[in-house]
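The listed protein sequences correspond, in order, to chains Z and U. For the first sequence, this note's numbering gives the first residue as 1, with consecutive numbering after it. For the second sequence, this note's numbering gives the first residue as 1, with consecutive numbering after it.
Keep in mind the hints are simulated off the structure, nothing from the lab. All C-beta atoms in this analysis are idealised placements derived from N, C-alpha and C, irrespective of residue type, glycine included. It is possible that some hints are incorrect.
Chain U side only, calculated, beta carbon under 8 Å to chain Z, not exhaustive [claimed, not checked]:
1. Pro-48
2. Ala-49
3. Gly-69
4. Asp-97
5. Glu-143
6. Gly-159
7. Arg-171
8. Asp-174
A few chain Z residues that don't get close to chain U, going by computed Cβ distances all over 10 Å [as the list claims (entries may be wrong)]:
9. Arg-60
10. Ala-83
11. Asp-90
12. Val-94
13. Ser-113
14. Thr-233
15. Gly-264
16. Leu-287
17. Ser-318
18. Glu-345
Over 10 Å on every C-beta distance to chain Z, these chain U residues come out as not near it, computed from the model [stated by the list, open to error]:
19. Ala-76
20. Arg-86
21. Val-110
22. Asp-116
23. Gln-127
24. Ser-147
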Amino acid sequence: MKSLLVCYIDGSRFGYINEDSVHQPHIDGFETHKRPPLKSRPMEPLERYRPIIDDFEAFRAACERPLGITARVNPIAATPGQAIEALEADGITVEQADWNPRVLRLDTTSPGSTWASFHGFIHTQEEVSSVPAVVIDPEPGDRIFDACAAPGGKATQLAGLCEDRGTVVANDNNLGRLSALRFNAERLGVTSLAVTHQDARNFSLNPLAFDAFDHALVDAPCSCEGTIRKNPTTLEQWTESRVHTVAGVQKGILKRAIQATRPGGTVVYSTCTFAPEENEAVVDHALTETNCRVSPIDLDLEYTSGVTEWNGDTYDSSVEGTMRIYPHHNDTGGFYVAKLEVTDE
Amino acid sequence: MSGDKLSEENVGQQFDRVPATDDERTVAGRASRAEICTYFEDRFGIDPAVFDDYTFWEKGAGKIWVYAGESPSPAAIEALGMTCLRTRQEHWKPTTDFVQRFGRHADDCVIELEDDQAIRFAAGEDQEIDWDGDWGYLIAAHELAGSLEPIGVGLYLHGELRSVVPKGRQRAID
Numbered sequence: 001m002k003s004l005l006v007c008y009i010d011g012s013r014f015g016y017i018n019e020d021s022v023h024q025p026h027i028d029g030f031e032t033h034k035r036p037p038l039k040s041r042p043m044e045p046l047e048r049y050r051p052i053i054d055d056f057e058a059f060r061a062a063c064e065r066p067l068g069i070t071a072r073v074n075p076i077a078a079t080p081g082q083a084i085e086a087l088e089a090d091g092i093t094v095e096q097a098d099w100n101p102r103v104l105r106l107d108t109t110s111p112g113s114t115w116a117s118f119h120g121f122i123h124t125q126e127e128v129s130s131v132p133a134v135v136i137d138p139e140p141g142d143r144i145f146d147a148c149a150a151p152g153g154k155a156t157q158l159a160g161l162c163e164d165r166g167t168v169v170a171n172d173n174n175l176g177r178l179s180a181l182r183f184n185a186e187r188l189g190v191t192s193l194a195v196t197h198q199d200a201r202n203f204s205l206n207p208l209a210f211d212a213f214d215h216a217l218v219d220a221p222c223s224c225e226g227t228i229r230k231n232p233t234t235l236e237q238w239t240e241s242r243v244h245t246v247a248g249v250q251k252g253i254l255k256r257a258i259q260a261t262r263p264g265g266t267v268v269y270s271t272c273t274f275a276p277e278e279n280e281a282v283v284d285h286a287l288t289e290t291n292c293r294v295s296p297i298d299l300d301l302e303y304t305s306g307v308t309e310w311n312g313d314t315y316d317s318s319v320e321g322t323m324r325i326y327p328h329h330n331d332t333g334g335f336y337v338a339k340l341e342v343t344d345e
Numbered sequence: 001m002s003g004d005k006l007s008e009e010n011v012g013q014q015f016d017r018v019p020a021t022d023d024e025r026t027v028a029g030r031a032s033r034a035e036i037c038t039y040f041e042d043r044f045g046i047d048p049a050v051f052d053d054y055t056f057w058e059k060g061a062g063k064i065w066v067y068a069g070e071s072p073s074p075a076a077i078e079a080l081g082m083t084c085l086r087t088r089q090e091h092w093k094p095t096t097d098f099v100q101r102f103g104r105h106a107d108d109c110v111i112e113l114e115d116d117q118a119i120r121f122a123a124g125e126d127q128e129i130d131w132d133g134d135w136g137y138l139i140a141a142h143e144l145a146g147s148l149e150p151i152g153v154g155l156y157l158h159g160e161l162r163s164v165v166p167k168g169r170q171r172a173i174d
């Protein structure tokens, strides 16, 4: 069956959703209702978040501004100083992010045509995309699972934070996208990556040398609302039923990642969407179905707490400890991050 | 194929850890760890100790991977670490990505390029360059951010340095 397009903040990707299972309001030549197509009102799906976003007008305004180019320094190849020197030698002005000196804001539209990129000193990556690996905060030697790893920005970042010592299992269910992941990993000089091609919901550790991970990242396929600044057409395909469909997939992936992680380990769940159905509701489901609890996140970024009520549903109060990053907070894309600690029972 | 019985032939779709030495070889034509380290040392002057914390694997005939993590052997998996070397041919050939990752440890068969030569090399162009050293595969490098940075693999023959940077890795540097 053909797959619908779902995406990550790094770009669009084919994911787990079957076209047949998703409601489509417009089929060629057959209008199913009389409202104008979403194309002419691209921001409309975001109106549903007016009740939970404090400064909604600032949020809307930020969503309509294009996103700047950012890159992450790859510590396997270079220090931030070396990367900045190489970029400046190519005539590019560089600004380091306050919260993370390895995140560089660049005044160029073609970061790939630089020596810094060619040598793997930098990897072009949206600023908020570098948050989840920093929240995991791994150490050299760790065994880490990246459940939905392609195209590899976060998996290679995890390897870099481990000084390329340890094992990062980078998994994805799409072979084509795995080849992009492999290309990125090799360009960045990562030698600690083991690449697997499995459905993360039923991930088997049988091909591996161990039976539990120290940490896991679930950067889940999502409805991508938070990428609107990079992909202005991203909401054209938006439907509420699609949000619910992808949430089911997300729950399955997060549950399996928690089961595959040892007690005391950290599992980070992230999306690039605002929908509580895909964020707090998924974490709430994991809190009920698996052995884990929410851990506090300490990052010098502006954000708001997770919501505990949405559309008549209530979530475990501890989801307040998860992080909603809106585009107007730090002039980035939108993002959601939850840090979970796996418990014995 | 069971994990406790050594393979007798190369199986294209799985990763097999290479034998430590030629004496331990059970698969015809498979390079040993000792041979691989000796090649990098003899050709490029890379100290074998650089690879102390790495293992070498073969998947596909002659394609060698270098890996820092844990894995059983054989491994039915998409990738382990990075491709580093093509063996099972007369002249072994290191990969561009390996050279960028480990080439800083090399002090032999490294050809230093000027800025304009480096740009042409990264774009995949062949160029006539004087070179007094051995012919064959060289590491092309240039000065960047205060150090000599390996760009990729070049093939030097008859006064010409051919860039063998793979098409997907070639870049037009501004």
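Do the hints match the structure? See the list:
1. Pro-48: violated, 16 Å
2. Ala-49: Hint on Ala-49(U): violated, closest Cβ of chain Z at ~16 Å, above 8 Å.
3. Gly-69: holds, 3 Å
4. Asp-97: Holds - the Cβ of Asp-97(U) comes within 8 Å of chain Z, reaching about 4 Å at its closest.
5. Glu-143: Given a least distance of 10 Å, the restraint on Glu-143(U) is violated.
6. Gly-159: violated, 26 Å
7. Arg-171: Constraint on Arg-171(U) satisfied, holds at 5 Å.
8. Asp-174: holds, 5 Å
9. Arg-60: Consistent with the label, Arg-60(Z) stays out of reach of chain U, its closest Cβ about 36 Å off (over 10 Å).
10. Ala-83: violated, 8 Å
11. Asp-90: Label violated. Min Cβ-Cβ 6 Å, cutoff 10 Å.
12. Val-94: holds, 12 Å
13. Ser-113: violated, 5 Å
14. Thr-233: About 27 Å separates Thr-233(Z) from the closest Cβ of chain U, which puts it past 10 Å; holds.
15. Gly-264: Label holds. Min Cβ-Cβ 19 Å, cutoff 10 Å.
16. Leu-287: Nearest chain U Cβ is 31 Å from Leu-287(Z), so the label holds.
17. Ser-318: Per Cβ check, Ser-318(Z) is outside 10 Å of chain U; nearest 34 Å; holds.
18. Glu-345: holds, 28 Å
19. Ala-76: About 5 Å separates Ala-76(U) from the closest Cβ of chain Z, which leaves it inside 10 Å; violated.
20. Arg-86: holds, 14 Å
21. Val-110: holds, 15 Å
22. Asp-116: With a cut-off of 10 Å, Asp-116(U) remains clear of chain Z, as the shortest Cβ separation is near 13 Å.
23. Gln-127: holds, 17 Å
24. Ser-147: Not fine: 8 Å to the nearest Cβ puts Ser-147(U) too close to chain Z.
Comparing the model with each earlier hint shows violations of hints 1, 2, 5, 6, 10, 11, 13, 19 and 24; every other hint is respected.
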